[in-house]
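So the protein sequences, as listed, match chains A and B. All letters in the first sequence, in the order written, are residues 1 to 182 by my numbering. All letters in the second sequence, in the order written, are residues 1 to 103 by my numbering.
The set of hints was computed from the structure by calculation and includes no laboratory data. Wrong hints could be hidden among the right ones.
[Unchecked claim] The calculated label-pair distances, taken between Cβ atoms and stated as ranges, are:
1) 57/B with 95/A: 28 to 38 angstroms
2) 153/A with 91/B: 33 to 43 angstroms
3) 137/A with 100/B: 43 to 53 angstroms
4) 108/A with 57/B: 23 to 33 angstroms
5) 99/B with 69/A: 41 to 51 angstroms
6) 121/A with 89/B: 28 to 38 angstroms
7) 68/B with 126/A: 17 to 27 angstroms
8) 85/B with 27/A: 18 to 28 angstroms
For each residue, glycine too, the CB sits at the ideal point set by N, CA and C.
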Amino acid sequence: MSPIFYFLAMLTLGGAVAAMSLRNPVHCALSLVVTFVGLAGVYLGLGAHFLGLSQVLVYVGAVAILLVFVLLLTRGSGKDEFDERPDRWWPALGVGGGLGGVLIAVVLAQPGLALRTAPPELPTVRALGESLMTDFVLPLQVVGVLLTAALIGAAVLALSDRRRTPQDSGPVTSREEGETRR
Amino acid sequence: MNPIVPHLIVAVLLFAIGMTGALARRNAILTLVGIEIMLNAANLSFVVFWRFGPNPDPQTGLMFALFSIAVAAAEAAVGLALIIVLFRHRRTTSLDAADSMKG
Chain A
1 MSPIFYFLAM
11 LTLGGAVAAM
21 SLRNPVHCAL
31 SLVVTFVGLA
41 GVYLGLGAHF
51 LGLSQVLVYV
61 GAVAILLVFV
71 LLLTRGSGKD
81 EFDERPDRWW
91 PALGVGGGLG
101 GVLIAVVLAQ
111 PGLALRTAPP
121 ELPTVRALGE
131 SLMTDFVLPL
141 QVVGVLLTAA
151 LIGAAVLALS
161 DRRRTPQDSG
171 PVTSREEGET
181 RR
Chain B
1 MNPIVPHLIV
11 AVLLFAIGMT
21 GALARRNAIL
31 TLVGIEIMLN
41 AANLSFVVFW
51 RFGPNPDPQT
61 GLMFALFSIA
71 VAAAEAAVGL
81 ALIIVLFRHR
91 RTTSLDAADS
101 MKG
């Protein structure tokens, strides 16, 4: 294995540990970006170029930004966001460490783990697009429907309470009062 | 050494870290971050088995990971919308406040 892989693995795991252990949620979101970028580098090293690019586009460009937006929108919940009780960490560390130990033991216990000796011919983006349009056209459509439904659902969820609790949103109430006065 | 092993160990450690955080953190957003890390670990193992596995088809594993990224994006959008609704009702994003299904 190349030293680049070990560097990227350290970056990824260090970012993940920081994202899960820092106290300030904004710092956690920024450490998550480090994890995503490190994983994209690992994908590039594995030859999955298009996947590494989409990892950067989707996770760093969309998911992390969305997380930061929601973190800043839900600011001001008092000390709750910094108030991590340490008594939860020990059971969680037990579960996580036990699971990690069992899985590592399973990985190390497979001497004949599936290994292709010759490296595969890496598919070009053109080949990926062609197979998306031929072999994988049904999953592609299903994912399209899923994304549309999920985003419409997210918008409906996030907007739905404007009418029912008008005291929560100042500008809407003043506009509504103005309309009733008229 | 078999090059599949260090990659898989990175995926396993990433999954364990994500699960520990998702169980331990009280902030709902950070629990979602833990779930994202676990999904990324699963994606990494897809790519590793695509690269080193004996499957002759050169694209199936990559496609699996691509679709998994798309589904994870949808999951993040819906989860964050739910967190915003929770914040609007309870004025907090602590998971300990989300103890009833009635608004």
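Which hint numbers does the structure go against, in order from smallest to largest? 2, 5, 6
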